[in-house]
Every structure is written in C-alpha cells, then in structure tokens.
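Using the hints provided, position chains B and C relative to the given structure of chain A.
Residue numbers (numbering that gives the first Met the number 0), protein chains in the order written: chain A, 0 to 258; chain B, 0 to 297; chain C, 0 to 373.
Read the hints as simulated data drawn from the structure, not as lab findings.
Stretch-level coverage of chain A by chain B, calculated; a stretch enters the list once three of its residues show a Cβ under 8 angstroms from a Cβ in chain B:
1. 16-29
2. 83-92
3. 180-194
4. 221-235
Computed from a predicted model, the values in this text were never measured in an experiment.
Built from N, CA and C at the ideal position, the CB exists for glycine as well.
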Amino acid sequence: MLKRFWPWFWFLVGATYFLVPLYATLDFSLRARRGELSFAAYTSVLNDIRFIESFMFSLQTALATIVVSAIVIVPTAYWVQLRLPRLRPVIEFFTLLPFVVPAVVLVFSLARTYSRTPLTDSREGLWVLLVGSYVILSFPYMYRAVDTGLRSINIHDLTEAAQSLGAGWFTILTRVIFPNIYVALLSGAFITFAIVMGEFTIAALLAQPAFGPYMNRLASSKVYEPSALAIISFALTWAAIAAIQWFGQGAQARVAGPR
Amino acid sequence: MAPLTQTKTNQSTVTRRSLSWTWVGVAPFFLFVAAFLIWPTLSIIGQSFLDQERRLTLQNILELGHPFIVSSYVYSVQLSAVTAIGGGLLGGLLAYAITIGGLPRPLRDAVISFSGVASNFAGVPLAFAFIATLGQLGVVTQWLRSIGISLYPAFSLYSFWGLCIVYIYFQIPLMVLIMAPAFEGMRREWREAAESLGANGWQYWRYVGLPILLPSILGTTVLLFGNAFGAHATAFQLTGGGSQGNVITILIGAQISSDALANPGLGNALALGMIVIMGISVGLYTWLQRLSARWLRS
Amino acid sequence: MSFLEIVHVHKRFGTTIAVEDFTLAVEQGEFISFLGPSGCGKTTTLRMVAGFEKPTSGQIVIDGVDVTNMPPNRRNIGMVFQSYALFPNMTVADNIGFGLRIARRPAHEIRVRVEELLRIIHMPEFGRRYPYQLSGGQQQRVALARALAIQPKLLLLDEPLSALDAKIRASLRQEIRDIQRQLGITTIYVTHDQEEAMALSDRIVVMSRGKIEQIGTLFEVYNFPATRFVASFVGTLNQIEATVVDAAIGLLAVEGQQFRIARPLPQHRSGDRVNIAIRPELIALDGQFNSAMNRLSGTVEDVTFLGSIVRVRLRLAANRLSMDIFNNPHLRLPQPGETITVHFAPEACLAPGDDTPREASNAQPLSASAAEAA
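So here's chain A without its partners, still in its complex pose (with noise of 0.2 angstroms):
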C-alpha cells in the first residue's frame, strides 16, 4: 500500500480539484430559501420564459450546427478516403485552424469582414454567420469522428458493392456510408452538442439571444440561480458525454469548448 501513495496521493488531490466546485455548486443551488435546502433555484430559473427561449434557440441552433457539419464532414471525409488520401494531411490542417484562431478572434473577423452586408444587418444574417462559426468549431471533432469511422469500415469494398449493384453516388453516400458510419457521426454530433449549448463568446458578441448569454446576464441580477443553471449546464455536458460513450465504442471525446 505504501508503494502506491504517490499515485493515490495525486489521485485524490486531482478528485478534489474536480469534485469540491461541483459539490460546492450543489450545495449553492439548494440554498435559495434560508434555512432549508429546496428547488427554489431551480424552478425559479425553469419557470423563467427567457430561459426556455434561449434554451430553445439554442438547441435549435446546435441541431442547425449539427445538421451542415454533418452534410459538409460526411462527404469530404469519404472522398478524401476514396479518392484524395493525398489531401488527409491539407484536411487536418484546415480542422486545427480553430485552435490557432480562437472564438473571439474568429468571431471578430467576421464581424468586420461581413459588415454592412446582409450578413451583419439582419436577424437572419446574424443567425447564419453563427451557426456558419459553429460549424467550423465543430469541424475538428466531427472531421475525426467520421474519419476514425470511416477507416473502420472498408468504404472501397462498399462503394464497388454498391456501384456494381448499380447505385449512383448520391444513393452510396446516403443508404451504404451514412448508415454504416452513424455511430461515428453520433459521437461527433454529442461533442458539437455540448459546445453549443455552453457557448458565450460568439453567441454573445453577435447579440444572438442563446443560452451562455443567458446565464452571462442572469448573474447580475440573482444570487442562487446561475448555480442552479451551472449545474444543469453540467448535467448537460455530461449527459452529452455520456452518450458518446454509450453509443460509441469510446469514441472519445477531446479537447473543447467554450473557454
């Protein structure tokens, strides 16, 4: 036992660097009403129509995300498989891009680079530029996803299945590689979820009315509820991890987020 107490040391104090915020959290959220522990917090925030709004538009917004990422990684991850293995080095490249440009320098390019076009003056427009940086976020994690899903199975052998059976490229992608890679897809699709969800940054510098700039707000005028909020903030992101490593066979989840 003594020979492994470094080890359970090291353990024990990473546990709690992790363990005592959430717990402390917790423990915030429940004391809304002085003197007892309740869900004061938590109804108060779930009753509250601006949270339901930018929750909804939020969820909406990372389903949007999830939808053109997907529609963009799918196929240009297959291709490059198939057609252009000599472009894989090009695709990676472009996928670690976000981390060199990172959300606010992102969002501060577009805002500039897009300004006084349709992009930047209308409701929609906003919208679009949004969801167009979410999407780029989400390219590293679901590029990898698909790509390690992709290798996984043997795309040359199912496509020329599929070509000798006399489908055409849209039918292959749709009914043989997507099905086929779906478990991949999902992991990805997690990962985005949760990214989206917590996002402040760009949300909040587009004046987009989202979740993280929901919760920004809310803390100037309540005490106990951005608790409540974080920790179902957390459950969130877990449930979303969770889920990835449900579906998938450890997939696993990376480096993220909104910092």
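Chains B and C only, in chain A's frame:
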C-alpha cells in the same frame, strides 16, 4: 493501394475530366472553410497593415506597443503560462497516477470519462461554479471562515490568482486526456532493458522515461498555454468584461461592439498578435507531438 | 558446479502454475534454447533468470552466487527482447553505451567499446542514427550489442527474431550464433520455432505446460524424443493407426499389410489398435531391397515440391503418410493416384509406451523427471 489503382482505371477510361470531378467532392468543405474562416481571418490580417485610407502602414502594429495593450498581452501570457504549468503539472501527475501508477482500472476509466466532461465544462457555468465555491459567499470560503481562516480581502476570485485557479480546472482534464495515452505508451521492456543494464528506478526515469515523455509533456503544456490564451468566456464572466480589460481576448471582444480603442486598424492588429501567438503554440505542439510520434513509431 | 544452476524452480501467478519444478544446469559458454508452444512457461523461466519475476520456490545460482532474490539491475545479465526495446530517445551509440554509462565508466572507454561492438554487429557507420531510422533487423542487432556491451555473465534472448521477416531471420540467426561463439558467452534463447532452436543450440530444453519435457542435444531430441509431445513438436510426425498382430515380436498390420516395430508391445494383445509414429524422412521410396525393412503400399494423394525436398503424401486406409525425398532432376516423381510401395526400418517407428521419458544420453546430468505424455 486500392484507391490509387481505382483512380487510375477510371482515368484511363473517362480521360482527364474525371480528375477535376474528383476535386468537386471536397469543394463544399473548402468553400465553407474559405467563407467562414480563411477569408475573414486573412482579411483581418491584411487590414492590420492598412490605415483608414487603406494605405499600407505599420502604424497599427507599432501601436501594439502602447503600455495599455502591452500590459494586456503580458497579463494574458502570464495567466496562460501559470495555468499551463500548474494544470500541466497536476494533470500530468494525475495521468501518471491512473496509468502506470498502478491504481485500479475503474479509477482510470472514471477519471478519463470525467476529464472528457470537465474539459468541455468551461465558460460561464464554470465561472458560476467557482463563484459558488470561492466567491465571497462561496461554500469553501464560508467553511474556511468557520474554522478561522478568512480568504477575503487578501484573496479574490476576480484577481489574477483567482483566474488561475478557475482556468486550471479546465487545463487539468485536457492534460489528462492527452498524457494518459502517452503514459500508457511507455513500454515495459524499456524499463526492463534499463534494469538489466544496471539502472535503478531513478536512473531509468532520468535517462529513459522522462526524455521519452518530454516532447509530449512540453507539447501538451504549450497546447494548454494556447488553450488558456484563447479563452474568453470564463474571464469575461469573472471580470465583468469591462473595457478596462486585462485579458487580451476581452480587449479584442470589446472592439466588436464598441470600437473602444477608437482605431479599427489597431483592433485588427490585436487579433493578428493573438493569431501569431496561437499559431506559434499550436505549431510548437504539433512539431513536438510529431517528434514523439516518430520516436514511438518503431 | 555448473555456471548457471536453476534448481527446482516453481512459479505461480495466482492459482495458475506457470512453471513447475524446473531444474537445469548450464555450462559456461553453452548455448541453450527453451523450445515450446506459447504459454509453456519458457519466457517466464527466462524472466526469472533475468530477475523480472521472482520464483515462488526454488533457487537460481549464477557463477556460484545465489541470485534468486537479487534485483535485475545487480545481476549483470544481458537481455534481448522480442520488441527490440531500444530507447527511442537515444542514438544507436548511446543505446549501446547505456549500461557502461550507468556503471560510470570513463567516456573514452565507452566510446572505444561502442565502436568495437558496432564492428561486431557490422554496423560501424550507424552510431549516430536513431532507432526509428533503422530496420527491424538492424534494431535487433543494436539491441544485441547493447546487451553485450556490459560484458554480461549471461545473455538472454526472448524470441528475438519473431518480429522479423523470414529472410532477415535466417541471416540474423547465423549472426547471433557467430557472435556467441566468438565471445564464448553463456546464452539462453527462448523460441517457439524449432528450426531456430535447431540452428543455434548446443542443447535444447523442450517445454510444455510449464514442465520440462526433455533436455538434450539437437540430435537426441530429434532422434530419441523422450515423449510423444517432443516427437510431435520437434519435426513432423506421421501417425499410423495399426492393429496388433503379434504383440510379443512387435508385429502389426495396417489394411492387411504387415510390418514390424523394433520392440515388443507387452501391454497389448493381438487385435488391439495402436498408434505408431514415424518421421517423414525415415520413409524411403521403393529402391534397394533389404529384407529387414518394412514395406507398405498406398495410393499417392499428392506431391508437393518444396525445393530441396519433395514431400509425397500417401493414403493407407484411414491413414495419411507423408514422406520426404531429396530432390534430383533425374527423379521420376510419383503421380497422384498411382500405387507405390515405401520402405522404413522397424527402428524408425515410435510405439506407445515410448512416452515414458528416458535418459537420452549420459551427457545429460539432470533427468527430465515427471514428464508426462502430452
């Protein structure tokens, strides 16, 4: 290789046109990236060398030397460096503990899963969590007060060290996620070979173990640096995002809604500086990871 | 007292018995192979000699020193691993010099010794390269040089050639043998490849299920296998199901054709069915007639050309019989479907009851006791 032979037969029958069709398959991706990432970024970089009359100038870059801006960059660099080293150290030791440290397997899986969640749990809700923990009314603050230790006013969550503590929360799991596989890649035979050649445990780590891990450790620490440097939401929530600005990302964000520096070109230069620093750190990370991958390939 | 003595060593992992009552004496300069299928305990035994595992009971003595409980880094043993295990962060020269550096030898001495070893492994120009720049065969040669650099008392090789392709395997095998002879270093070589064991070893230890089946020279193990397991694991073995005609004189029959074996079968009565084993190369095509030889006729099933030898498969009732003929351009090869007669000596047959271990030769001081038929 199958794909090559296949392309070849197609070309010989369908002639050259099939080659250009091949590229059509990846066109949507490149168009999307061009519209939403490359073009805006390049245009910002380009504009940082133009003045308001669109003439070539270095004035914007030179104005980065303004003490107010320099102090922002320095603050961000310090914050990123401290949290990269602190988070890297704690995360590295945790990754070591759950892999070759010999802790039970379920603990390893639990920590990896939790790290997946925690590395995604940042921004506004993370700030809330720490306000509930170490804020003036925070649970830990109150508990410490009850045993006679008062954190405030000596400490503040909204100060440099407060930010460090919060940032490290999302730095540790990132380190764990990248370093755990690296530790698991350490082969038992290396240790045994070293032992059979007379090395003791310390000598093994000094000459073999640590040098092998060093590129990964350094590379990941650099990545953590970039991770903190680009962070915006967490700092914004904690510091209120006032135009006073201390973290560089907040300063850049402030240029969008209101041109606080009264010079659009300077805003572009700020973003350029940020891209340069992030580019260096991601490039360094990639290079170090390749170095270690090359070593470990055989 | 021998140079290396392994005395009644047992090793248990939990409830699994990995090695059971292993006793072996190795002379200085000898090349010994541990041969057996995977999981037979050969690697575990080697790792106990190296010090990476502690025996559950028993004793290991090297050069008069009991090392049973000595940590590996004090045993002065050179080890070569299947996966090469070169330190990826060091150049070839630094890898080879590692042990000397740990021993705090002066730099110039290390340099001279490294150069000498690079010459021995025929890689004098490779000192500044990194392991990832080398082929598998080159890496394993460097690993060998690294193990030899410390002038170890013992050289242990754990399946060193398994990860390499066939051609390099053969040439490196020869190189290992040459270097071992040149330096006269006592060597234990673990392998599951009988050809490798045969090409290299002075003596072979055949193991199965944690136990020693037989210890002996190549000649002994091949020609006088102590157990049926050894006979079938080392070389190829034909099995013929025959009926006993006269147990007292060892007369048997298969499909009405009678043949003799070299000894009586006291435990059997006429009419019993027994399994007889015989090596392919001890069966000859019809040729010079000798009344002492057995003759059997069968139908040729197929003929496989293997280069220097031709393997012919015969069908004899329910039995298949393989035989090897040396290739010769003037040879008239039998055709499938043809009926041919083959010859073999009664002494070439292994009958049941040969399963009890026997002393293969007087050169072997320790008997492989308690070995059972596999």
